[in-house]
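Undergrad: Sequence:
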Amino acid sequence: HVVNDLLMCLRLCRARACPHDILHLYVASFPPTAPGISSWPEPFRGVLSSTTLGRDLLVVDAELDAWCKLLQQVAEVEPSLLRPQGAFERPCLEWARGMLHSRQSPLCHNGTAMCMVPLVDLLSHKPGAAFTVKIGTAGRLEVISTATVTAGQQLHLDFGKLNNAELLRKYGFATEDNKWDFFPLPLSQSAKTKDGADDAVIHVTAYGVPQDVIDVIEAEQDTEQFVAILRSVLLQKRAVKEQIQRLPVALNFNVCKGPLARARKRWIEALLEGQLRVLNGCLETLRTAEEDAEAAEAIVAVEEAGESEAGGESVDEAEMLLMLHRKKRRRTRRRG
1 HVVNDLLMCL RLCRARACPH DILHLYVASF PPTAPGISSW PEPFRGVLSS TTLGRDLLVV
61 DAELDAWCKL LQQVAEVEPS LLRPQGAFER PCLEWARGML HSRQSPLCHN GTAMCMVPLV
121 DLLSHKPGAA FTVKIGTAGR LEVISTATVT AGQQLHLDFG KLNNAELLRK YGFATEDNKW
181 DFFPLPLSQS AKTKDGADDA VIHVTAYGVP QDVIDVIEAE QDTEQFVAIL RSVLLQKRAV
241 KEQIQRLPVA LNFNVCKGPL ARARKRWIEA LLEGQLRVLN GCLETLRTAE EDAEAAEAIV
301 AVEEAGESEA GGESVDEAEM LLMLHRKKRR RTRRRG
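Residue numbers (my numbering): 1 to 336.
Since the hints were made in silico from the structure, they are not lab data.
Don't take each hint at face value.
DSSO-like cross-link-like pairs, simulated, lysine-lysine; straight-line CA separation at most 30 Å [to be verified]:
no.: 1; residue 1: 161; residue 2: 179
no.: 2; residue 1: 241; residue 2: 257
no.: 3; residue 1: 161; residue 2: 265
no.: 4; residue 1: 126; residue 2: 257
no.: 5; residue 1: 241; residue 2: 126
no.: 6; residue 1: 179; residue 2: 265
no.: 7; residue 1: 161; residue 2: 134
Here are the computed distance ranges between Cβ atoms for each label pair [claimed, not checked]:
no.: 8; residue 1: 75; residue 2: 5; range: 16 to 26 Å
no.: 9; residue 1: 245; residue 2: 207; range: 25 to 35 Å
no.: 10; residue 1: 261; residue 2: 144; range: 30 to 40 Å
Glycine residues also receive a C-beta, built at the ideal position from the N, C-alpha and C atoms.
Could you put the whole structure together from the sequences, leaning on the hints where they help?
TA: Set out below in structure tokens:
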């Protein structure tokens with residue numbers, strides 16, 4: 001996919017710079033700035049760098065660096081391949097990459113093909129939109145409406161089951177109360193995945209910790225895993241709340257001038273509020289998993305104590321949870 005992306009971006013750059021290129025009119029209709037967060041101004045990137053999207057920004061920068069290095073090597077061997085001059089510089093590649101990722105046909109999402117389709121890429125996202133795109137007979141691209149369309153009505157397309165992080169990464173917007181939101185919850189290094197690897201990550205949703213994870217914890221009385229999950233949820237919740245509290249200062253009136261800048265701030269708020277909702281759902285799931293009423297109450301107390309602290313992990317929290325699980329295990333054995 002990396003090679004395909006680069007080749008597509010080079011094609012877009014050439015078409016943009018060459019008025020006689022067969023694709024020039026199509027590419028010239030694109031906006032001058034890509035919508036994804038990697039093309040946002042620095043104040044917004046600075047805020048996002050402290051969120052779960054920070055790693056994605058670094059990945060994009062690293063990919064663009066690699067492309068520029070490769071093209072520099074090409075220029076040293078065969079300069080004529082990179083004409084017209086200036087068409088393939090880093091800002092152009094960044095723009096082309098953003099256009100490619102934001103305007104790919106929905107048919108590309110399964111990873112089997114890559115294409116950009118004029119007119120279809122004009123459709124904006126709307127969850128549950130009554131439009132579908134598919135390859136029909138004789139290889140024709142078909143856009144089908146399952147509802148009546150009236151004259152002058154705006155047409156939309158459902159981009160799929162994308163969480164707000166993915167929407168921001170590709171399309172540069174987020175939606176409130178996104179039901180597809182999830183949070184990549186990192187566990188402590190003491191927690192192991194099934195293959196023994198460190199730094200396990202589980203994807204948790206607004207419904208909380210995946211039920212299969214809870215089932216394993218209850219069946220195996222896995223105190224270490226339970227403590228790792230609870231500790232991570234508390235720390236991540238604290239971090240997200242701090243990010244929300246810093247937004248008014250980091251993205252103040254001087255930064256958010258104009259409707260687009262204000263919209264970007266709202267979309268970041270939607271991202272963080274969605275993540276907070278997910279983490280709250282995780283805490284509720286963990287409380288439900290603790291059938292011992294005393295243990296469940298202690299989890300609430302641990303959560304409140306964690307939020308009142310300035311920051312950092314508390315060894316006392318882990319020790320308290322360890323004692324609770326050992327106590328519960330002893331009770332289970334006695335009942336057995």
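Undergrad: Determine which of the earlier numbered hints do not hold for this structure and return their numbers in increasing order.
TA: none
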